[in-house]
Amino acid sequence: MTKNKSGIWSFFSSVQLAIVLLSLIAFFALIGTLVPQREAAAEVAGLISPGLFSLLDKMQFFDLYHSVWFFLLMGLLTVNLLICSLDRLPMAWRRFRMRPSSQNDDVFKDCPEENSIRARADMVQAANAAASLLKKRYRKFIRTNEADQVFLCADKGRFSLFGVYVVHLSILVLIAGVIIGSVFGMEAYVNITEGETVNAVNPRRGSQSLPLPFSVRCDKFTVELYESGAPKTFQSDLTFLKGNQIVQQGKLLVNHPIEIEGFRFYQASYGAVPGGKATLALLRADGRRDIINVGAGYAFELPGKEGTFNILRMEENLMKMGPAIKVVVRSKKEEVSFWVFQQIDKIKQTNPDIIQQVPIFNPGLFRPYTFTLVGLEEKYFTGLQVSRDPGTPVVAAAALLLICGLMMVLFSYSRQIWIRIDQKKEGVRICIAGRSYRNKTGLERELQYLIAELKDNLEKSK
Amino acid sequence: MINTTILSWVTFVYFASFVFYLFRMILGREFWGKLATWTALAGLVAQSVALIIRWKTSYDLGMGHAPLSNFYESLIFFAWTIVLLYLLMEWRLKNRSIGVFVMPVAFLIMAYASIAPGINNRIEPLIPALQSNWLTSHVLTCFMGYAAFTVAFALGIMFFIKQAAGNDSSKSGAFIRRLPSEYQMDELMYSCAALGFIFLTLGIVTGSVWAHYAWGSYWSWDPKETWSLITWLVYAVMLHTRLVRGWRGRRMAIMAIVGFACVLFTYLGVNFLPSLHSYMT
Ligand code: HEM
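Chains A and B, in that order, are what the protein sequence lines are. The opening residue of the first sequence carries number 1 in this note's numbering; numbering runs sequentially from there. The opening residue of the second sequence carries number 1001 in this note's numbering; numbering runs sequentially from there.
Hints are supplied without guarantee of correctness; some may be wrong.
Cβ-Cβ distance ranges computed for the label pairs, FRET-style [claimed, not checked]:
(1) B:Arg1178 with A:Ala452: 28 to 36 angstroms
(2) B:Gly1028 with A:Ala230: 39 to 47 angstroms
(3) A:Ala230 with B:Gly1269: 23 to 31 angstroms
Hints in this document: simulated from the structure, not taken from any laboratory. Just so it is clear, CB atoms sit at the ideal spot from N, CA and C, and this is done for glycine as well.
Chain A extracted, bound-state conformation (with noise of 0.2 angstroms):
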């Protein structure tokens, strides 16, 4: 233990100095909540000038979180925590191993006069009353006899001296976890549509898509919806595979993610795409009715075989009309494409004249045709959310240690108590002190109790 301590030393081991960073993150973090981070700072940029905003940019004012700023007062923290605990340590240790003797009876020296006794007893019995106090409250203790005195020692919760350490590790651990986590992690996100297979996913930041040491196919993708509509479940089955070989297969929740090999998927979201199948009526002027299934790509022989169709595009909704396809009918004369709607009587009704002034919506512009357009099967795609963060143990790690360490700080208190008994020429006289770190208000009683119990016993006795 040396006792001049350099000044880089003394500055990181001083609390003024956590008191600083903690409110200086505590006010970074403010910051970060009022002005929009990442994607969302695009809404600034039209509101001030491009050279302030490029500036504010350069010094990453819109990603404070993962700034030069930020990370330089989480290592100034650190060096803060790391310092500050060992040039505590040392003090924490002698208190543990504390035991009071001839040597070090400076405990006793401010022992107030009321926490003394004196008594017509020889010290042995005396010592003895002591000894059997302590251990009925505090079961063990420990006894040194010395030419005219008698030391003795009881403690409890010794151990929760070292709980503020724990805490303090805990958050060094922490940050050490974040660390790996940024530097070895990523996180990234991918749509799988209903049968599909995928072997890359899409990383949050950077716009290059990552390749994954295996592939995933969504076999089916289910929602089960509330009365009103709102999502109850949603679930993906996957099978990830390696070459053509299965690794492993799993329905994918929200709340119950897949691991493999490192990486977490997890149920994200959802959505319905065009299935690229749909089912045509084909009627002719003559009556005569064809129902015919379609899909995407492909031509189809006209019924009265006066050429052929291609679908060319299949749409949801389009332009807020419902589902409808494009189609191309090509004959020897002629080639003529149009779109084809689901509701074509309903936008008639609200819209009469809509053939007349959009041409290319009218469904029988290829005579004798009039194509009606019955259906559109909707496939699901699955979003998947894909992290890996070999960190996270890290930081469960850390979360453990820092409410094990607060319990032990908060709910648990380290008391001792020494008794030193002398012998004096018309009697004993004993001294009651005690320690704590924690709860004062509690030991004054404790001290007081025991007084009040050892002149009692000692009375009795005689």
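Assemble the complex: chain A is given as a structure, and chain B with the ligand must be docked to it using the hints.
Structure of chain B with the ligand alone, referenced to chain A:
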């Protein structure tokens, strides 16, 4: 629904309890204090029954979740934890003078839940992300923490009232004389803040675990998360300034009030910022 009817009655019961505590402080008769305590206890029991009924009803409706899922339910639970914590403290400390500052807070929260426009008191189904036991433990621990901070705040206000009245106890009114001593209030403020700190820590940890399962990352700097961190840091500073710098009394009272302002912002203010946690959608 029966549970909301009971809850609106509980609002008046808490108000009555506040009035009785006030009578005790002014008239100095312990009769009023006892009446206030029993009234508050009756309110707490009725509120617990209402919460259980609400819980059961949600199962009968096929939704099956603890009554902690929307803004209305969170307000009700907040008031419940405040009264519970206060009554426990009163019982442990054998001191009734804090009630006159705590009960009005519980009453105001209940009243706000019942009458503020735009607060929906129906039992609603949960969207998938909220269907998690971690949500229940998250909300439970957070509000335990908030309740402890609320009591610390009430003590902070009491401290200032006592100080403003001056130290000369012979001149000050009966009300002031019946407040606990400044030393006692300081100690209690610290105990409440420390208790709240543990619960807030538990709340942040359980929230992170939940986020880890639901969204794939334990921390995403969402405004509500960030504000709970700010609140946590403020109380960490409060504990340090007291323990290591020896701040007491007035400064602790200021910290308790600032901390409570952060709690309120975490709970209500961030709803005006876009967030995953928003109750008000
Ligand atoms: C987020 C970070 C921190 C947390 C959560 C934290 C938490 C705590 C807690 C709970 C206590 C016990 C308070 C009490 O008994 O009422 C404490 C005490 C203390 N903290 Fe921290 N602390 C943090 C950062 C720091 C830093 C950076 C320092 C650096 C100097 C520091 C220095 C101390 C000291 C010296 C004590 C008193 C220890 C004793 O009783 O001997 N803390 N801290």
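Verification of the hints:
1. B:Arg1178 with A:Ala452: 28 to 36 angstroms: 31 angstroms, holds
2. B:Gly1028 with A:Ala230: 39 to 47 angstroms: For B:Gly1028 and A:Ala230 the Cβ distance comes to about 56 angstroms; the hint is violated.
3. A:Ala230 with B:Gly1269: 23 to 31 angstroms: 27 angstroms, holds
Against the hints set out earlier in the document, a violation occurs for number 2 only.
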